[in-house]
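Asks: Heads up: the protein sequence lines correspond to chains H and U, in order. Numbering follows my numbering, in which position 163 of the first sequence is assigned residue number 163; successive positions increment by one, without gaps. Numbering follows my numbering, in which position 232 of the second sequence is assigned residue number 232; successive positions increment by one, without gaps.
Since the hints were made in silico from the structure, they are not lab data. Quick caveat, the model's predicted, so the values are computed rather than measured. Careful: at least some of the hints might be erroneous.
A pair holds if it fits inside one copy or across any two, identical chains being indistinguishable in the list.
[To be verified] Below, computed lysine to aspartate or glutamate pairings styled on EDC-like, alpha-carbon distance capped at 20 Å:
hint, residue 1, residue 2
1, K2, E66
2, K165, D34
3, K165, D25
4, K2, E58
5, K165, E141
6, K132, D170
7, K157, D229
8, K157, D183
9, K2, D206
There are 2 protein chains.
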Amino acid sequence: MKPTLGILGGMGPLATVDFMRKVIDLTPATGDQDHIPMVVASIPQVPDRTAAILGSGESPLPAMLEGIRLLNQAAVDAVAIPCNTAHYWFDDLARESRAPILHIVDAACSVLKERTRGVGTVGFLGTTGMVKSGIYQRRIEAGGYACLTPDEADQEKLVMGGIYKIKAGDLAAARDLLEQAADGLRARGAGAIVLGCTEIPIVIADGGDVIDATLALAGACVRRFAAADAAA
Amino acid sequence: MKPTLGILGGMGPLATVDFMRKVIDLTPATGDQDHIPMVVASIPQVPDRTAAILGSGESPLPAMLEGIRLLNQAAVDAVAIPCNTAHYWFDDLARESRAPILHIVDAACSVLKERTRGVGTVGFLGTTGMVKSGIYQRRIEAGGYACLTPDEADQEKLVMGGIYKIKAGDLAAARDLLEQAADGLRARGAGAIVLGCTEIPIVIADGGDVIDATLALAGACVRRFAAADAAA
């Protein structure tokens, strides 16, 4: 049996499917057997991550730990979590997981470094929870960039408005709001835009000045499992 | 916790993602929490189903049973298998599963009945294994239709050729081959075309005279889980 990728998903459900599709697309394959086996726990009932970080909602940690236990019981070899905001609880999840968890912010920052020679200022689009946590900004600034985020009004109306529209299935309206948010960061001098919420790449594609953290995590998984394959 | 849908997938991997996406799209939802929780065992290493039915390959049953056990250990409430050909082993799988398995051929034939008033002849596109098994043809004919399948040369070159191109990721070439196969059945008098292999709807959409068994199974799951929700 090939090593198996565990996915803690459902945050949201479409983002999980988008991540799986990216892993499949990035895997060099001539038929089914070449693909990475996956066990997926897609639990959309995990309480809202941003509400919890802002102190207005219950903790998502118990529900996420239940998913981590399920994946470990299924003997997965590594875990990916296609939700950036969930990484606020990364240390708590990693402590309870026998299988190592790949970190989406590490993956995104590696791609940022590879793709942005000469760029001094990076714009970040993510949930308000993720923005307030500062996790991405600290990592981006540690790479030698200045990091911009939308002002409070744009963050609420354009970014969170767009993200919740995706979760409700209204993709066209979501794309419009999120493109406006990206353009606002470009107008303020951002030479690259990091999509640090896995809902956003459902409506804005990686490429050009746009770096999709979901695609970066998928790439990290494919490289890890290809290496495990070569070693087997 | 809402009732959980188990998915035995990976046959192929893209077909599994297509099925999950269809379940999500068909679920009435205003946010993450409204969606159906899923546990997915995506095992692309399950031996080729058609080769086994034709007597030239090892049985996929042990690998599929391993997936069924994993889903039952995760306490899923019902199981869907987004691979038509896997349903050749339906009775063996159902016997080993505590959770009921929804049958994709039942789902497709229900939609066929709803959507094809006045149609006398139905064309079937599926793997050679599924065609040889006669499972779909018997069910379609029991509904009072005549059932057409491609001749042996078209079945091999257009249908299996197209399906294996999808599994290798070459979607444009696959679409061209499979559309030719559908047109051949229409030219012979088919008033409806059943896509009875979960790879095919990745490149040909449901609608008009085309009935997608994957979408039919997704619809059956959403109705079942919506009913469970209402009862809870």
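Asks: A separate judgement is required for each hint: does it hold in the structure or not?
Replies: Comparing the hints with the structure gives:
1. In the homo-oligomer, the alpha carbons of K2 and E66 lie at most 20 Å apart only across protomers (14 Å), although the nearest pairing inside one protomer, at 25 Å, exceeds that limit.
2. In this assembly of identical chains, the alpha carbons of K165 and D34 lie at most 20 Å apart only when taken from different copies (14 Å versus 36 Å within one copy).
3. In the homo-oligomer, the alpha carbons of K165 and D25 lie at most 20 Å apart only across protomers (14 Å), although the nearest pairing inside one protomer, at 26 Å, exceeds that limit.
4. For the homomeric pair K2 and E58, the shortest alpha-carbon distance between copies (18 Å) is at most 20 Å, but the shortest distance inside one copy (38 Å) is not.
5. Neither within a single protomer nor between protomers do K165 and E141 lie at most 20 Å apart by alpha-carbon distance, with minima of 30 Å and 44 Å respectively.
6. Taking the shortest Cα distances, K132 and D170 never come within 20 Å of each other, neither inside one copy (26 Å) nor across copies (43 Å).
7. In this assembly of identical chains, the alpha carbons of K157 and D229 never lie at most 20 Å apart, being 45 Å within a copy and 32 Å across copies at closest.
8. When the C-alpha separation of K157 and D183 is checked against a cutoff of 20 Å, the pair qualifies only within one copy, where the shortest distance is 14 Å, while the shortest distance between copies is 48 Å.
9. Within a single copy, K2 and D206 get their C-alpha atoms no closer than 29 Å, and across copies no closer than 34 Å, so neither meets the 20 Å cut-off.
Of the numbered hints given earlier, the model fails hints 5, 6, 7 and 9; all others are met.
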